[in-house]
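Colleague: Chain by chain, the residues:
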Amino acid sequence: MVQFFLESERVTELVTHLKGQKPVFAPHRKGRKSFAFERVEDAADVVLDYPRVMHSIRKFFLPPRETLMTFDLAENDFSTADVQPSDAIFFGVHSYDLGAVHRLDYNLGKGHPEKNYITRRQGAVFVGVSFEPDAYHFCGSVGIDPMDTSGFDIFLTKLLDGYIVEALTEVGEQLLNGLDLPAHEAGKPARGNFQQHIYLPQAKLNEVMAKSYDNPVWAETAEKCVGCGTCNLVCPTCYCFNVEDTVNIQATGGTRDRHWDGCMLREFTGVAGGEVFREHLADRQRHRVFRKFKYISDETGQPWCVGCGRCTAYCTAGISIVNIVNRLVGDYEKVAVTPI
Amino acid sequence: MNQFQMASPTEARDLYSPVMAVISKVEKMTELENLYTVVLPDGAELGHKPGQFIELSIFGVGEAPFSISSSPTHRGEFELGIRRVGMLTEVLNRMEVGQKVGIRGPFGNGIDIEQFKGRDVLIVAGGIGLVPMRSIINYVIDNPDDFGKLHIVYGSRTDEDLLFTEELARWEADPKIDYHVTVDRGSLDWKGKTGVITTLIPGLELDLEKTVCCVCGPPIMYRFALLALKSKGLPERNIFMSLERRMKCGVGKCGHCQINSTYVCQDGPVYHYPDIKSLQEAL
Ligand SMILES: Cc1cc2nc3c(=O)[nH]c(=O)nc-3n(C[C@H](O)[C@H](O)[C@H](O)COP(=O)(O)OP(=O)(O)OC[C@H]3O[C@@H](n4cnc5c(N)ncnc54)[C@H](O)[C@@H]3O)c2cc1C
Ligand code: SF4
Ligand code: SF4
Ligand code: FES
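Here the protein sequences line up with chains Y and S, keeping their order. Heads up: take any position in the first sequence, counting from 1, add 77, and you land on the numbering used here. Heads up: take any position in the second sequence, counting from 1, add 5, and you land on the numbering used here.
For reference, chain Y alone in the conformation it holds in the complex (with noise of 0.2 Å):
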């Protein structure tokens, strides 16, 4: 694969060229520290240099709110909503959330494939960038590297003073056609070190959670939890949705629509006749977990978890993952080696 070398202050006129040929969505400032994945107006907006966006590009395939279909209350009939493909550049994507785009896929293909997620998966390109991890990434330890460009259509590595350039299938070859770029000679950069870990494998982790559901974490987590499901909110990995019926001002129809849900609510689980099947927090804390790192791992041999530190950045009670998993590995071993 042809390696090519962009200078820094020419990712203003590679976005421009891409954005002739594609709408392009890609990280903007938010605030001193925050970034979001929005449709690129101005190229000059884009910001390369990113630790994290807090939603993930999840949210263009998966709506946080989308209409499912409109009503019309007279008539007692619906129509429903007609949903495009998204044919578009994600640009300066972290490789942990392609990771979990990825994962979506699994879910929403299996069993009954979704057709509102699948058709706007189609015609979406991908240009990865790597990064710096951060104090919250661990990414490293579920298997996706900073640099790792598996699934990307274009890959930028971070040089000091610009970018190296691959285009990794036809669909970023072509896009790069008529871009005047010289070619990268020597190799990548070594790569950031992770400050954060989870200390086995998946392979390994499997047997961990096997043992783990009576763990004292979930109790001891559950403490400090407030229950109040930002951890799903950000968590490019999470699809669980809710659906309800909106009425109209003049009630004369509305709209049924979905939108994410999570399972750290109290509510998720709750019935009618008033029986909550995850009353405990303790409870959702370990399903929280378990649906990272066992329920859909035991499946596919995969962590469902991509790494992305997003659930403790943004917990609202400082809870982290990372010291969960390692908790959970810590006690495992424990018992392991203790003699007979």
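These aren't lab readings, by the way, just hints derived from the structure by calculation. Among the hints, a few may not be true.
To be verified - Once the Cα atoms are required to be at most 30 Å apart in a straight line, the calculated DSS-like pairs of lysine-lysine come out as:
(1) K196/S <-> K181/S
(2) K187/Y <-> K54/S
(3) K196/S <-> K192/Y
As the list claims (entries may be wrong) - Which bits of chain Y does chain S cover? Going by a derived footprint, with three or more residues having C-beta under 8 Å, they are:
(4) 137-148
(5) 153-164
(6) 182-190
(7) 196-207
(8) 311-319
(9) 332-340
(10) 352-365
We put the beta carbon where it would ideally sit given N, CA and C, even for glycine.
Chain S with the ligands: place on chain Y using the hints.
Modeller: Using the frame of chain Y, we list chain S with the ligands on its own:
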């Protein structure tokens, strides 16, 4: 490369749009429960198995899961036995014959008829749990050659809460059916047994190896019913349970119905007891 294959757009389905079906009959069963008869467009068959459920919706109000109470042998329409407990079920209660509701489904696995064939069938139903169990009961009654004996054990809070009373009388009168009923608290007119449902189990005359049992009732009932069935000597492999959880989509996407690793709307609602006995969240 995506390490997890995504389904192709041609395989993708619109999972959430209902078909509009007509309520052709409403029968008041108790103060809280009605039996609704529903007809699909052009009298199409729902094509369900006993034990499956549908999602019923009313625009502007919402959507909720309900068990299909009629047996597939009852053709051209299907029945839902619904308790008034909140918004959707209240609005439904005010609807009239001829009005339309949205239907999606059938969903869930239902019972595996093949596993039940040639066996004696024991149904243990608590309260509104009789609604889904009735689809199995009537399937067995309508296919007498395929099954052995039919035992029905039904428990209700009071005699005023008893559902399908006409059918209960028929089951009771049928010499081929071993029918038992109890109420927690009987009114002055109640001549039958009082006591919780589990008190009926020790007295049953069962061919333990030949009998398959299906249990459905309020969450609290399962553990006690199980204890009673086990001390009766019924092998675990002969026990099935129909479970209820919150459900939103019915198609394994929304996550609400999950019990440990299993999705009740996909792998259930009817579970073979040995498959769920190690799931801590199940019972
Ligand atoms: C597989 C299955 C079969 C069922 N079969 C029957 C039946 O045959 N007859 C019957 O009367 N009831 C049945 N239920 C329960 C029925 O779904 C609830 O009574 C119904 O959702 C209540 O809706 P509501 O809007 O009137 O009540 P509300 O309490 O106002 O409901 C509020 C919200 O909670 C949701 N909700 C409450 N309980 C449930 C639940 N159990 N599952 C999913 N969502 C829930 C509703 O969707 C609604 O959005 C069944 C539930 C399941 C899961
Ligand atoms: S964000 Fe933190 S406090 Fe909120 S539910 Fe998640 S773990 Fe609990
Ligand atoms: S569980 Fe936390 S660290 Fe893992 S992918 Fe979700 S938000 Fe990121
Ligand atoms: S009801 Fe949505 S996943 Fe089962």
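Colleague: All hints are to be evaluated individually against the structure, with a verdict given for each.
Modeller: We went through each hint and held it up to the structure:
Distance restraint check for K196/S and K181/S: the Cα-Cα separation of roughly 22 Å lies within the 30 Å cut-off, and the hinted pair is therefore satisfied. Taking the CA atoms of K187/Y and K54/S, the gap is near 23 Å; set against the 30 Å cutoff, the hint holds. Simply put, K196/S and K192/Y have alpha-carbon atoms about 56 Å apart, too far for the 30 Å limit, and the pair is violated. By the rule of at least three residues with a Cβ nearer than 8 Å to a Cβ of chain S, the coverage given for the stretch 137-148 of chain Y holds, with 3 such residues.
Coverage of a stretch by a chain is defined here by at least three residues with a beta carbon nearer than 8 Å to that chain's beta carbons; for the stretch 153-164 of chain Y and chain S the count is 4, and the condition holds. Here's how the stretch 182-190 of chain Y fares: 9 of its residues keep a CB closer than 8 Å to some CB of chain S, so the rule of at least three is met and the hint holds. Here's how the stretch 196-207 of chain Y fares: 3 of its residues keep a CB closer than 8 Å to some CB of chain S, so the rule of at least three is met and the hint holds. For the stretch 311-319 of chain Y, the proposed coverage by chain S is satisfied: 4 residues have a C-beta within less than 8 Å of a C-beta in that chain, meeting the threshold of three.
Coverage of the stretch 332-340 of chain Y by chain S holds in this model, with 4 residues showing a Cβ closer than 8 Å to a Cβ of that chain against a need of three. For a cut-off of 8 Å, the count of residues in the stretch 352-365 of chain Y with a CB near a CB of chain S stands at 5, and the three-residue condition holds.
The structure fails hint 3 only (numbered hints given earlier).
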